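Position one of the sequence shown corresponds to residue 1 (my numbering), numbered consecutively onward.
Simulated from the structure, these hints should not be mistaken for laboratory data.
If you're wondering where the values come from, they're calculated on a predicted model, not measured in any experiment.
Among the hints, erroneous ones may be present.
[To be verified] PhoX-like, lysine-lysine: derived pairs with alpha carbons at most 25 Å apart: (1) Lys299 - Lys326; (2) Lys369 - Lys577; (3) Lys577 - Lys399; (4) Lys88 - Lys399; (5) Lys165 - Lys399; (6) Lys575 - Lys217; (7) Lys299 - Lys556; (8) Lys222 - Lys165; (9) Lys222 - Lys556; (10) Lys364 - Lys165.
[What the hints assert, rightly or not] With beta-carbon atoms standing in for the labels, derived distance ranges: (11) Ser57 - Pro436: 29 to 37 Å; (12) Lys88 - Ser57: 46 to 54 Å; (13) Leu67 - Gly437: 58 to 66 Å; (14) Gln60 - Lys88: 27 to 35 Å; (15) Asp221 - Glu161: 54 to 62 Å; (16) Lys556 - Asn208: 52 to 60 Å.
Where is the CB? At the ideal position from N, CA and C, for every residue including glycine.
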Amino acid sequence: MHSESTGPTAAGGFVPDLAAQWQQFWRQAMAGAAPAAASGAAPAAMPTAAMPRLDPSRLQALQQEYLQGMASLFGQGGGAGDAVEKDKRFAGEAWSRSPLSDFAARAYLLNTRMLSSLADAVQADDKTRARIRFAVDQWAAAAAPSNFIALNADAQQKAIETQGKSIAQGLQNLVHDLRQGHVSQTDEEVFEVGRNVATTEGAIVYENDFFQLIEYKPLTDKVYARPLLLVPPCINKYYILDLQPENSLIRYAVAEGHRTFVVSWRNPDESMAQATWDDYIEQAVIRAIDTVLEITGSKTLNTLGFCVGGTMLGTALAVLAARGRKPAASATFLTTFLDFSNTGVLDLFIDETFVQLRELQMGKGGLLKGQELASTFSFLRPNELVWNYVVGNYLKGDKPPAFDLLYWNSDATNLPGPFYAWYLRNTYLENRLATPGAATVCGVPVDMAAVDIPVYIYGSREDHIVPVGAQGGGAYATTQLLPGPRRFVMGASGHIAGVINPPAKRKRSHWVRDDGALPATHGEWLAGAEERPGSWWTDWSAWLAPLGGRMVPAPKTYGGGGHAAIEPAPGRYVKAKA
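Given these sequences and hints, build the entire structure.
Given below as structure tokens:
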């Protein structure tokens, strides 16, 4: 999956699957998308949009540039030379020793550069131009000569060195992946949930049809009186927060003295095909909050939501506020959208036509299969998350290395169709959570301004799932939506690797502003921010400590308030496969 700068892509918000979208992609790209409905009313008929066009003088300039490149390529063999040397797909010595492969790489990069320039030069609205560029990028990634054994000099050399064994092993790898239904990005046989991932000691203290609640064993003699509840995204398994002891945010929180609880989502099957967004808010997030309070006897708790888990947490707190309840003393939002006014690359897929299609397909019932979502997120970064493994696994016969992050990423989860359809329309398409009263959840109007508690907001600098400050939207926009005391911190790297950055590794950096200023845009905030080395975890821990309340003796047993341990962590739900 993996460029460490961005991390795996599957931890983000919900987007439509590429397979379903692809059939209408070019039609919409060339004709323009229908405007998103501003309300729940049926959309107006799709207008006939003018075809995107190219300025003739710009087209002529690009043609001339291309002809010059072709002349260089055929005349001197030097076309796209610098680009070839810098592209890691063609960096092996075997490429330069093979005239055919070297020519193919240079011609490919020349053609790709030309097509990208044409896409950038299209005269159309921003969304149409971005869709065309996305399609060109997908073609370019798939058409690279490195993806074909007849042109991949590295793969050919390995086949010679191994006397054909690499090709035989590659075929075995292909058959294996066809059977399992996805491209292997890591050696999945190395890992087992509960044995060497998700190993922080704890117990299941509550369960219903939607989730199990894990309480973790204290690692300190005393704990903060106010408990901490973590809500991970239901699009993934919770153990992204508990991969290995050395990179576990859960273990870190426990070691810092917090009595820690985590929601472990059930992997939906057909029995949950009718579950709605309201069900997940009422029966899962709110139920988890109430259960933690019942177990601990505390009147309030601290909360944390990651990605879609943060969107669900914010919604639940707004619902509770509308009911006259404020059980949360604080909330932490990690790479979370509450304001969906600009969602970055994901906005390419969302329009009224597509949302209506998904509503017809599964708005009244059904499941969005986990592998569909996983494939979608992988194709957002095709070279690193798809074709890199096609080349390694099948052309070279390599076995991908064991990597806990990629194992988690391949452990897909399903989603109930009604939940997914509601989420697409009310967040990505219509951005209703950002407008007071526009969305009704669990029978009450949602107003994020009612969540007037201290909040810690984190965004990752290279996040392409929840951009940190995308043109007024992104993670930073939460600072303008919530009214209470707010602290914003930006970390280096991407959606996952930026979050899972333990202090002990002394990697990356983060940016803070201790003057408390939260200007209107992320760019203005960053202009006055200070970069600090290492993980943001220590900053978060220092912020959370005063909100934990007094220190009390750590509990000797799990549960309380009528709730007892059901089974050891990580529990049954997290082990269920999609």
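Status of each hint after checking the structure:
1. Lys299 - Lys326: holds (10 Å)
2. Lys369 - Lys577: Within the cut-off at roughly 11 Å; holds.
3. Lys577 - Lys399: holds (23 Å)
4. Lys88 - Lys399: Roughly 19 Å between the alpha carbons, so the hint for Lys88 and Lys399 holds.
5. Lys165 - Lys399: holds (13 Å)
6. Lys575 - Lys217: Status holds; Cα separation ~20 Å.
7. Lys299 - Lys556: Given pair Lys299, Lys556 holds - Cα atoms ~21 Å apart, limit 25 Å.
8. Lys222 - Lys165: violated (58 Å)
9. Lys222 - Lys556: Roughly 11 Å between the alpha carbons, so the hint for Lys222 and Lys556 holds.
10. Lys364 - Lys165: Answer violated: Lys364 to Lys165 is near 51 Å, above 25 Å.
11. Ser57 - Pro436: 29 to 37 Å: violated (49 Å)
12. Lys88 - Ser57: 46 to 54 Å: violated (36 Å)
13. Leu67 - Gly437: 58 to 66 Å: With a Cβ separation near 59 Å, Leu67 and Gly437 satisfy 58 to 66 Å, so the hint holds.
14. Gln60 - Lys88: 27 to 35 Å: holds (34 Å)
15. Asp221 - Glu161: 54 to 62 Å: For Glu161 against Asp221, whose Cβ atoms are near 59 Å apart, the range 54 to 62 Å holds.
16. Lys556 - Asn208: 52 to 60 Å: Violated: the Cβ-Cβ distance is about 26 Å, outside 52 to 60 Å.
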